[in-house]
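All chains should be modelled from the sequences, with the hints used to inform the complete structure.
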Amino acid sequence: MISTAQFEQLLGLIPEYPGTNLYMVDGEGFEGIEHIVLKTKQIDARLDLLSLPAVMAKNTKYDDHTSVFVKEFTFEQERYNVHQRQYDFIFVAVDAGSLEDIEQSSKKFYRITKNAGYVFFFSKPEKTPYIKQVLEDNNFVAINTIDISQDYDIISAKKMHGWEQV
Numbered sequence: 029m030i031s032t033a034q035f036e037q038l039l040g041l042i043p044e045y046p047g048t049n050l051y052m053v054d055g056e057g058f059e060g061i062e063h064i065v066l067k068t069k070q071i072d073a074r075l076d077l078l079s080l081p082a083v084m085a086k087n088t089k090y091d092d093h094t095s096v097f098v099k100e101f102t103f104e105q106e107r108y109n110v111h112q113r114q115y116d117f118i119f120v121a122v123d124a125g126s127l128e129d130i131e132q133s134s135k136k137f138y139r140i141t142k143n144a145g146y147v148f149f150f151s152k153p154e155k156t157p158y159i160k161q162v163l164e165d166n167n168f169v170a171i172n173t174i175d176i177s178q179d180y181d182i183i184s185a186k187k188m189h190g191w192e193q194v
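Residue numbering for the sequence shown follows the working numbering, beginning at 29 and increasing consecutively.
Keep in mind that the hints were calculated from the coordinates and are not lab data. No experiment lies behind these values; they were computed from the predicted model shown. From the three backbone atoms N, C-alpha and C, an ideal C-beta is built for every residue, glycine too. Some clues are possibly wrong.
Said to hold, decoys possible - Simulated crosslink set (DSSO-like; lysine-lysine; CA at most 27 Å straight-line):
(1) 160 x 186
(2) 142 x 186
(3) 155 x 89
(4) 186 x 67
(5) 155 x 135
(6) 136 x 186
(7) 69 x 155
(8) 86 x 152
(9) 155 x 136
(10) 67 x 86
(11) 135 x 99
(12) 89 x 67
Stated by the list, open to error - Label-pair distances were calculated between CB atoms; the ranges are:
(13) 84 x 106: 15 to 21 Å
(14) 154 x 46: 36 to 42 Å
(15) 46 x 143: 15 to 21 Å
(16) 84 x 154: 25 to 31 Å
(17) 37 x 72: 31 to 37 Å
Listed below in structure tokens is the structure:
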């Protein structure tokens, strides 16, 4: 996984506007969570932190019921949204190449992303071209790789209103 310093660089992309909706999936006990929680509180944003069962107990300490909400999560669940909202930034801190059905997951992430919102997937370099193609096939645009780690690629994708393939 990427280091916390690299994740802090990535968090620099989040504008410092109050009311920004953030969403993060943690499946591997990612150490960068403390940084996104701190950023959330600094800019008066809102974070929905979704944890796979293996790391749920570790992440409950961040739940303050005002700006940070922690909930158990599985990729197989029918819907990914929490609190009936859409998100400006979504971070998937799970190796995207290890997901059994990345296509279904990308469709579900697309539905909960605001127009002009971003989704960031962490991926091993050998899986990156496949994941980028899946994102493109599922209506994401401006798909790029951010090179801040040798072990993982960070794939950024944007949802734009009216760009869906019909």
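Consistency of the hints with the structure:
no. : hint                 : result
1   : 160 x 186            : holds (12 Å)
2   : 142 x 186            : holds (9 Å)
3   : 155 x 89             : violated (33 Å)
4   : 186 x 67             : holds (21 Å)
5   : 155 x 135            : holds (18 Å)
6   : 136 x 186            : holds (14 Å)
7   : 69 x 155             : violated (34 Å)
8   : 86 x 152             : holds (25 Å)
9   : 155 x 136            : holds (20 Å)
10  : 67 x 86              : holds (19 Å)
11  : 135 x 99             : holds (20 Å)
12  : 89 x 67              : holds (16 Å)
13  : 84 x 106: 15 to 21 Å : holds (19 Å)
14  : 154 x 46: 36 to 42 Å : holds (40 Å)
15  : 46 x 143: 15 to 21 Å : holds (19 Å)
16  : 84 x 154: 25 to 31 Å : holds (29 Å)
17  : 37 x 72: 31 to 37 Å  : violated (22 Å)
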